[in-house]
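Asks: Using the hints, position chain E against chain L.
Chain residues, written in single-letter form:
Protein chains: 2
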Amino acid sequence: MGPAPRVLELFYDVLSPYSWLGFEVLCRYQHLWNIKLQLRPALIAGIMKDSGNHPPAAVPRKGQYVYKEISLLKQFFQVPIRFPKDFSNVVLKKGSTSAMRFLTAVSMEQPEMLEKVSRELWMRIWSQAAEKAGMSAQQAQHFLEKISTEQVKNKLKEITDAACKYGAFGLPTTVAHVDGKTHMLFGSDRMELLAYLLGEKWMGPVPPTPNARL
Amino acid sequence: MGPAPRVLELFYDVLSPYSWLGFEVLCRYQHLWNIKLQLRPALIAGIMKDSGNHPPAAVPRKGQYVYKEISLLKQFFQVPIRFPKDFSNVVLKKGSTSAMRFLTAVSMEQPEMLEKVSRELWMRIWSQAAEKAGMSAQQAQHFLEKISTEQVKNKLKEITDAACKYGAFGLPTTVAHVDGKTHMLFGSDRMELLAYLLGEKWMGPVPPTPNARL
Chain L
1 MGPAPRVLEL
11 FYDVLSPYSW
21 LGFEVLCRYQ
31 HLWNIKLQLR
41 PALIAGIMKD
51 SGNHPPAAVP
61 RKGQYVYKEI
71 SLLKQFFQVP
81 IRFPKDFSNV
91 VLKKGSTSAM
101 RFLTAVSMEQ
111 PEMLEKVSRE
121 LWMRIWSQAA
131 EKAGMSAQQA
141 QHFLEKISTE
151 QVKNKLKEIT
161 DAACKYGAFG
171 LPTTVAHVDG
181 KTHMLFGSDR
191 MELLAYLLGE
201 KWMGPVPPTP
211 NARL
Chain E
1 MGPAPRVLEL
11 FYDVLSPYSW
21 LGFEVLCRYQ
31 HLWNIKLQLR
41 PALIAGIMKD
51 SGNHPPAAVP
61 RKGQYVYKEI
71 SLLKQFFQVP
81 IRFPKDFSNV
91 VLKKGSTSAM
101 RFLTAVSMEQ
111 PEMLEKVSRE
121 LWMRIWSQAA
131 EKAGMSAQQA
141 QHFLEKISTE
151 QVKNKLKEIT
161 DAACKYGAFG
171 LPTTVAHVDG
181 KTHMLFGSDR
191 MELLAYLLGE
201 KWMGPVPPTP
211 NARL
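Line by line, the protein sequences give chains L and E. Going by this note's numbering, the first residue of the first sequence is number 1, and it counts up by one from there. Going by this note's numbering, the first residue of the second sequence is number 1, and it counts up by one from there.
Since the hints were derived computationally from the structure, they do not count as laboratory data. Just so you know, even glycine gets a beta-carbon here, dropped at the ideal spot from N, CA and C. Mixed in with the good hints there might be a few duds.
[Unchecked claim] Where chain L lies over chain E, by a calculated footprint (3+ residues, C-beta under 8 Å):
| hint | segment |
| --- | --- |
| 1 | 2 to 15 |
| 2 | 145 to 159 |
[What the hints assert, rightly or not] If you only want the chain E side, here are some residues facing chain L, beta carbon under 10 Å, derived:
| hint | residue |
| --- | --- |
| 3 | LYS62 |
| 4 | GLN75 |
| 5 | GLN138 |
| 6 | ALA168 |
[As the list claims (entries may be wrong)] Sample of chain E residues with no beta-carbon within 12 Å of chain L, all distances over it, derived:
| hint | residue |
| --- | --- |
| 7 | ARG28 |
| 8 | LEU37 |
| 9 | VAL91 |
| 10 | GLY95 |
| 11 | SER98 |
| 12 | MET135 |
Just chain L, same shape as in the assembly (with noise of 0.2 Å):
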């Protein structure tokens, strides 16, 4: 038996790019570094409110560059990211907190539907194409009713508070336990400092999958 695999908790909202970009990027590399990887739902707006932090696209050239960079980041992460053609209905006025705490409904009762179901989220949002959670309508239906549930928002509240513990002002936040310290981390832009931290090996936001055969 080789050591105990490091805990990393991934904040994330599917609002946002970049943690879709994260969320991707430690899912193949969950398979390949020594990590249990832990998703957590959280509200990148309440992240924002608590911090004092504002999004990028407050500062307009931001929002232009962050355009223009999505656009060579999906290549570069294979993942396939449009920006919604409804982007300020969207995002900014419809926000997240319906599709967080459906999320966090599914995270309490089946968490090993979790991560497909954020993924086919992100694409319903950012990729306009759907992909099958291989959940059923009636599945759906039941996750949509606990939504307005109160242990559903607390559930919500509580790890976009723990979030805001780790010092978050934004997501994705990767939070890395290694030999008993914490090491709280923002972007998708970290994944190499983090691998540096766990003494893994980086190998792009594409990493070789492990039943490739070379």
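Replies: Same frame as chain L, but now just chain E:
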């Protein structure tokens, strides 16, 4: 003769520790990749003002994060950054106008010295360790006298404006000219994406030196 080297413009300010990281990485890779690195000393305060952006420390939790992260990044990048004891005085009040005008004067008369002198200024502000750039006291005095000339002041303004025209909202900003296209990348954490754009190999922030025998 191989293909012509791609021109990379690196806009930087010695007040920015992330600029130092980006600077050292590109100085290392200029001997490994088919690039022509152009060092472009600019004024971060001017870029922040023109873009309406704010420094990370304007959000206290971001400031705390940067402080912690720099101590990890200095190890990972092997750049001896330390926060100045007198951070708020050095960085926030004093600013970098004189330092960047000094570098501008050097770039106008002795561009071959610019890399070393820039590093020496970072070492002074961010490392409290003096590194000799091989400039005599007499030479230094000469450039100090230049910093109040209109030519130098205008040149620094011109370079800062050029960064803004490329869409910069902070530093370091790298502008890569590849196949007739211009790509602006923000941050010391975009060097792996830059490698992808250039079709060059990313070997982490500390690549093997060309002369190292394996």
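Asks: Does each hint hold? Answer for all of them.
Replies: How the hints compare with the structure:
no.: 1; hint: 2 to 15; in the structure: violated (count 0)
no.: 2; hint: 145 to 159; in the structure: violated (count 0)
no.: 3; hint: LYS62; in the structure: holds, 5 Å
no.: 4; hint: GLN75; in the structure: holds, 8 Å
no.: 5; hint: GLN138; in the structure: violated, 42 Å
no.: 6; hint: ALA168; in the structure: holds, 8 Å
no.: 7; hint: ARG28; in the structure: holds, 15 Å
no.: 8; hint: LEU37; in the structure: holds, 21 Å
no.: 9; hint: VAL91; in the structure: holds, 20 Å
no.: 10; hint: GLY95; in the structure: holds, 21 Å
no.: 11; hint: SER98; in the structure: holds, 27 Å
no.: 12; hint: MET135; in the structure: holds, 34 Å
When held up to the earlier numbered hints, the structure conflicts with 1, 2, 5 and fits the remainder.
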